[in-house]
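Between the sequences and the hints, there should be enough to build the whole structure, so can you do that?
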Amino acid sequence: DRPDYLSPTLPHNLEEYHEQFYRHPLSALWQNMCYQDMLDEYLPEEYLGGLLGRLASVSGGNPRSYPAYEGARLLVSLFIDGIYYPALHFSDLTAKLAGLIRKGGGVIATSCGAEEVLVQGEGHKARPIGLRLADGSQIRSKVVVLDVDPRKALTGLIQPSHLGMDYMKEVEKLRPSNSAFLLHLVFREKLRMPERVFLLPSRPRQVRTGDTYLEVDSLILSKEECNVQGKAGCVLLARINVPPQCYQAFEDSARGNELGAELAALAREEIGAMLPAVKRAIKVFMTLPTHHTRLTSNGQGAIFGFAPDLSQWHYNRPGPRLPLPNLYLVGAWSRYGGTLEGSALSGIVAARELCGEQPYPEPQTSVYEEFSLEKKELVELEELEELEEESEENHEPERKRSRFLSRRGSRRKGGRHEGD
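Under this note's numbering, read the sequence shown as residues 3 to 422, first letter to last.
Worth flagging that the hints you see were computed from the coordinates, not collected in a lab.
Idealized CB from N, CA, C, for every residue including glycine.
One or more hints might be untrue.
[Said to hold, decoys possible] Mimicking DSSO-like on lysine-lysine, the simulated pairs with C-alpha atoms at most 30 Å apart in a straight line are: (1) Lys285 to Lys98; (2) Lys192 to Lys144; (3) Lys175 to Lys154; (4) Lys175 to Lys225; (5) Lys98 to Lys154; (6) Lys225 to Lys281; (7) Lys285 to Lys233; (8) Lys281 to Lys233; (9) Lys127 to Lys144; (10) Lys192 to Lys127; (11) Lys171 to Lys154; (12) Lys281 to Lys192; (13) Lys98 to Lys144; (14) Lys285 to Lys192; (15) Lys144 to Lys105; (16) Lys144 to Lys154; (17) Lys98 to Lys233; (18) Lys175 to Lys127; (19) Lys154 to Lys192; (20) Lys98 to Lys225; (21) Lys192 to Lys98; (22) Lys127 to Lys171; (23) Lys154 to Lys127.
[Unchecked claim] For each label pair, taking beta carbons as the anchor points, the in silico distance ranges come out as: (24) Leu28 to Tyr215: 14 to 20 Å; (25) Ser163 to Arg190: 55 to 61 Å; (26) Ser313 to Leu28: 20 to 26 Å; (27) Gln231 to Ser163: 53 to 59 Å; (28) Ile141 to Leu297: 20 to 26 Å; (29) Thr96 to Ser163: 32 to 38 Å; (30) Glu48 to Leu297: 34 to 40 Å.
Right under this line is the structure:
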């Protein structure tokens with residue numbers, strides 16, 4: 003029901019938030035409802051609702067505090083659109099994006115990281131002028147687009163004075179989503195199974211992580227066929243969610259590898275009970291939460307950036323436009339972050355603005371204004387009825403009534419027509 007399919011699916015500001023209650027009542031309702039309440043309303047059966055409720059943990063959310071809208075979007079991504087992982091995984095996606103940048107004349111610097119956003123001026127005159135890299139070199143640019151954990155940006159890349167206290171308070175409310183342990187199983191044969199399977203153990207399994215336990219109550223299996231011509235086979239990817247509080251157990255290299263081996267054995271055991279062919283894997287390797295930190299630059303290896311929460315209004319989340327002009331935040335930690343779709347959408351919004359287009363398309367007809375106009379006309383009709391009652395008792399108000407009708411008719415021909 004949106005004329006522009008690239009327009010943001012959630013409101014950008016309070017005015018747009020009010021607008022959506024009239025234009026998109028269902029999505030507006032879900033923005034203020036928790037995920038569990040949505041499941042209880044549509045799926046009264048406790049088993050199915052409980053099963054889908056577990057999926058909120060994929061983004062590190064509690065079903066009772068996870069917004070229903072983002073829970074529904076996550077379900078669509080997992081079950082319908084198939085955008086949970088890009089084809090050929092993130093490495094291939096990154097290579098294709100790098101190719102497009104080089105084709106357009108851009109340069110990709112991977113020898114060292116960025117240390118600081120260079121800013122010229124103070125107060126409202128401050129503008130970014132480029133980046134200073136770890137090796138001391140500088141890259142000059144009038145526009146800087148960041149794809150990082152904004153909590154890191156506050157303490158390193160950007161001086162807090164350039165962002166303001168309101169922004170800093172909102173960033174402090176962000177909590178990281180879950181990280182993940184990934185087990186990769188390579189086969190020479192094609193496995194007879196769906197491309198995506200949610201595997202629930204008969205009972206939750208526990209793995210000790212220091213002073214706490216990592217509870218494994220679900221595994222997500224993704225199958226990808228071999229894309230090399232003339233070769234058969236596939237890759238089976240098994241994912242176990244790792245809550246943020248368990249991340250520190252993987253930071254020690256030796257202990258992290260031990261935990262990885264324990265989780266790998268657990269995953270192979272659970273998968274083997276359903277799929278005996280798992281024993282015929284010709285190659286097995288794993289990706290730990292600490293690897294995700296290096297791959298995504300997200301703090302604590304957060305897969306989806308921040309964990310959405312009902313306590314934080316959507317239009318108060320950071321990005322894509324930051325308080326400093328010509329400075330943008332895109333990706334998983336931006337306002338539309340979460341799934342790959344949300345991360346890409348924040349980049350599209352920033353690109354539109356940089357290209358001089360309207361980043362947040364406005365509706366051609368304001369439903370809110372139309373509703374206000376109809377309400378005003380309703381009051382006028384009540385006044386007209388009162389005049390008619392007076393005219394029945396006394397003929398003197400007849401001229402006043404005719405003047406009222408002519409005034410109301412001219413307004414309908416003019417102002418209302420322009421709003422339609």
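How the hints compare with the structure:
For the hint linking lysine 285 to lysine 98, the alpha-carbon distance of about 26 Å falls within 30 Å, and the restraint holds. Restraint check for lysine 192 and lysine 144: not satisfied, since their Cα atoms lie roughly 51 Å apart, outside the 30 Å limit. A C-alpha spacing of about 14 Å is found between lysine 175 and lysine 154, which places the hinted pair at or below 30 Å, so the restraint holds. For the hint linking lysine 175 to lysine 225, the alpha-carbon distance of about 36 Å lies beyond 30 Å, and the restraint is violated.
About 27 Å separates the Cα atoms of lysine 98 and lysine 154, which keeps this hinted pair within 30 Å; it holds. Pair hint lysine 225 plus lysine 281 holds up; C-alpha atoms about 16 Å apart against a cutoff of 30 Å. This hinted pair checks out: lysine 285 and lysine 233 have alpha carbons roughly 16 Å apart, not beyond 30 Å. At roughly 20 Å between alpha-carbon atoms, lysine 281 and lysine 233 fall within 30 Å of each other, so this suggested pair holds.
The straight-line distance between the Cα atoms of lysine 127 and lysine 144 is roughly 13 Å, inside the 30 Å bound, and the hint therefore holds. With a C-alpha separation of about 60 Å, the suggested pairing of lysine 192 with lysine 127 is violated against the 30 Å cut-off. Restraint check for lysine 171 and lysine 154: the C-alpha separation of about 14 Å stays at or below 30 Å, so the hint holds. The hinted pair formed by lysine 281 and lysine 192 meets the criterion: a straight-line CA distance of about 14 Å does not exceed 30 Å.
Between lysine 98 and lysine 144 the alpha-carbon distance is near 25 Å, which keeps this suggested pair within the 30 Å criterion. Restraint check: the Cα-Cα separation between lysine 285 and lysine 192 comes to about 15 Å, which is no more than 30 Å; the hinted pair holds. As the CA atoms of lysine 144 and lysine 105 are separated by approximately 21 Å, the hinted pair is consistent with the 30 Å bound. Of the pairs offered as hints, the one joining lysine 144 and lysine 154 holds, with about 22 Å between alpha carbons and a cut-off of 30 Å not exceeded.
Between lysine 98 and lysine 233, the direct Cα distance comes to roughly 23 Å. Compliance with the 30 Å bound is thereby established for this hinted pair. As the CA atoms of lysine 175 and lysine 127 are separated by approximately 28 Å, the hinted pair is consistent with the 30 Å bound. Of the supplied pair hints, the one linking lysine 154 and lysine 192 is violated, its CA atoms being roughly 43 Å apart against a limit of 30 Å. Annotation: proposed proximity of lysine 98 to lysine 225 holds, straight-line Cα distance about 22 Å (limit 30 Å).
With a C-alpha separation of about 27 Å, the suggested pairing of lysine 192 with lysine 98 holds against the 30 Å cut-off. As the CA atoms of lysine 127 and lysine 171 are separated by approximately 23 Å, the hinted pair is consistent with the 30 Å bound. Annotation: proposed proximity of lysine 154 to lysine 127 holds, straight-line Cα distance about 24 Å (limit 30 Å). The hinted range of 14 to 20 Å is not satisfied by leucine 28 and tyrosine 215, whose Cβ atoms lie roughly 39 Å apart.
Between serine 163 and arginine 190 the C-beta distance comes to about 59 Å, which sits within the given range of 55 to 61 Å. Checked against the hint of 20 to 26 Å, the C-beta distance between serine 313 and leucine 28 comes to roughly 22 Å, which is consistent with it. In this structure, glutamine 231 and serine 163 meet the distance hint of 53 to 59 Å, their C-beta atoms being roughly 57 Å apart. Here the CB-CB span from isoleucine 141 to leucine 297 is close to 23 Å, well matched to the stated 20 to 26 Å.
At roughly 34 Å, the beta carbons of threonine 96 and serine 163 sit within the given window of 32 to 38 Å. Checked against the hint of 34 to 40 Å, the pair glutamate 48 and leucine 297 passes, with Cβ atoms roughly 38 Å apart.
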